[in-house]
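Participant: Here is how the chains run, residue by residue.
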Amino acid sequence: MLANVLRLYVINISAFGAGVLSIYFPGLDIIVSFIYLLVIAMEARRAYELPLNQKIITVLIWQAPAIFFAGICITAYNFMGLYEYAIFMLQFWYTPLVGLLSLAGITVYSDKPLYYYLLIYLPFISCFYYTVLASINYRKLFHCS
Amino acid sequence: MKLNTKWWNKFSLIVFPLLILVNSALLVSDNRQIFQDKEAVMYAYIDSASQGKFGYGFNVQYYNDISFAGLEVGDIILGGYPDCAYGRFSHVGIYNGNGQVIEAFVDYGVHIRAIDHFRNYTEVCLLRVEADPEVKKKAAEYAADFQGKMFYPLAFKPGDRIWNCSKVIWKAYMEQGIELDDHRDLWISPDAFYYSPHVSIIREKGN
Chain E
1 MLANVLRLYV INISAFGAGV LSIYFPGLDI IVSFIYLLVI AMEARRAYEL PLNQKIITVL
61 IWQAPAIFFA GICITAYNFM GLYEYAIFML QFWYTPLVGL LSLAGITVYS DKPLYYYLLI
121 YLPFISCFYY TVLASINYRK LFHCS
Chain G
1001 MKLNTKWWNK FSLIVFPLLI LVNSALLVSD NRQIFQDKEA VMYAYIDSAS QGKFGYGFNV
1061 QYYNDISFAG LEVGDIILGG YPDCAYGRFS HVGIYNGNGQ VIEAFVDYGV HIRAIDHFRN
1121 YTEVCLLRVE ADPEVKKKAA EYAADFQGKM FYPLAFKPGD RIWNCSKVIW KAYMEQGIEL
1181 DDHRDLWISP DAFYYSPHVS IIREKGN
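Chains E and G are the protein sequences, given in the same order. Residue 1 is where the first sequence starts when you use our numbering, and the numbers rise one by one after that. Residue 1001 is where the second sequence starts when you use our numbering, and the numbers rise one by one after that.
Rather than coming from a laboratory, the hints here were simulated on the basis of the structure. Among the hints, erroneous ones may be present.
[As the list claims (entries may be wrong)] List of simulated lysine-lysine pairs, DSS-like, C-alpha gap at most 25 Å:
1) G/K1137 - G/K1171
2) G/K1157 - E/K112
3) G/K1157 - G/K1138
4) E/K112 - G/K1171
Owing to the predicted nature of the structure, the values given are computational and were not obtained by experimental measurement.
Just chain G, with the same shape it has in the complex (with noise of 0.2 Å):
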């Protein structure tokens, strides 16, 4: 069987491109009224990467007094570095117990973690989602379920393999019939959380 190599050399370059083209016509078509809505997480990435922000920010060497006192299973822990491109929160984990939280990194993914290290933020905050405590510990037990899970940035809200840290605690409430995401994102960032009618803030430090 003889391979049409010229028929190969242009496919081997206009394939993804023409993939490109495809999934963000299927993604603008399913999703116009957040193309519109100018808070929408996308345009304030854009906003940031315009004044030089990329990224969480700067981790500085930072030693916040925050108390974890009274904390409760499925309350929420924003943390936020100087220069985050997405807000003034960089990262969030949702309260296990015992002192330790789940949360999603980079080089962990999905994972269960001791809460100590929120301390080393420059911003930090400490949400009580207001529902049931039992419906707040089915959150926390669903989270922990994807233990060992891909955490990807750019992670979409569809499908359960790619996780970044803020989807696990969206799609936790979600699955117990509480939206933390008002605008109905692509994407949902720590700030949405902050924002959210269905939190109220426990304490917080930073600007």
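Extracted from the complex, chain E is given alone in its bound form (with noise of 0.2 Å):
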């Protein structure tokens, strides 16, 4: 389980730079943000074996730095006058998906654009796509053998 976590950083933080510099190559973090997705899939699967609650602590610890800003920007507690930044640390965090997000360039609601509200509640979205392809029995879903 350790590994895992381990691997999810590595992969997370490698992931940030090579996000922030595919900004600099329109289209390309687009690109880096589907490989990011294709990469946290496969370690899903790594993580097929391990008991549900493992899988689960693992999801929790890999995106703790995510849940901890996301819940300053949802209750507006300034924990340590962290407020006002908790929602840049929170773009930071999700620099590998800035291709797919800026793609969500609509107002939606109190003035503030879609990819505002995504942003705070990716940590859980992310949580949910881990554990559930973690989670699921491809060989039964597919029917192979």
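Assemble the dimeric complex from its two separately framed chains, guided by the hints.
Facilitator: Right, dumping it as structure tokens:
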């Protein structure tokens, strides 16, 4: 389980660098987002054999920084003066997905764009994405032998 | 179909470092002159980081009494907090008339907002771009077209999906044939507008 968590952190940090640089080449940022989703899906498959509670613990540790900052944004609680920076930290954490988020350019509620709400709820969407992919029995699903 | 798990395990870990290497090489080869320019924005960031300064500085409770009277559509408004990592100013907007300014913020994206919040900055400056009023109006209209687009602090100049406050204004004037970034940098900082030869200072407050 620890190895899975470490791998997810290494992937997230290196994907941050790749995500930032890819913004310079418009279009590549979207490709990086898809590669990131694919890589996380493959990491989820690595965790298939783990019991469900360990899968959940893995994903919660991996997404802990994002859950923390999303919590600050949602509750508007200025923990250690971090409220103003929380949304920036969330954006940096989800830099690998910036390409896809930038496609959600519409204002939806309270003058705020869709990407803002997606950023806040991405920690929970990410947990769901990983846990579901780590739990699906593909052989059963596709009747493969 | 069997998946080669060993190959995938390695692929997951090396794909992004590999992309960093390739992208870095392409970016440097495309911008060699900028990397040799010691006044480039990235070196300002690095210098500031070495002094413990990060981001836009400290949002202090402040009220400046600058007058916005006489502003014309297309004028540029700069604001700055103490200890900003990228210069004297941390934020910029373009005047859209009727007390409204077009700008970009992390939680609103590119949007139109009342100009009054520029009174909260310790440093504030109003700039006039030396251009025909019609050109300035077109620049403001161009910027307004990007409402709702995404804000990302490290938005590079290329592309029109990802923006920061400076890029919106730089691009709006660039489209009218006015280059406000003398350094032709990878990113543009609000200070670049202050030092542009194409602008004159209307008035300013602060240090």
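Participant: Confirm or reject each hint.
Facilitator: Each hint, compared with the structure:
{"no.": "1", "hint": "G/K1137 - G/K1171", "result": "holds (14 Å)"}
{"no.": "2", "hint": "G/K1157 - E/K112", "result": "holds (24 Å)"}
{"no.": "3", "hint": "G/K1157 - G/K1138", "result": "holds (20 Å)"}
{"no.": "4", "hint": "E/K112 - G/K1171", "result": "holds (23 Å)"}
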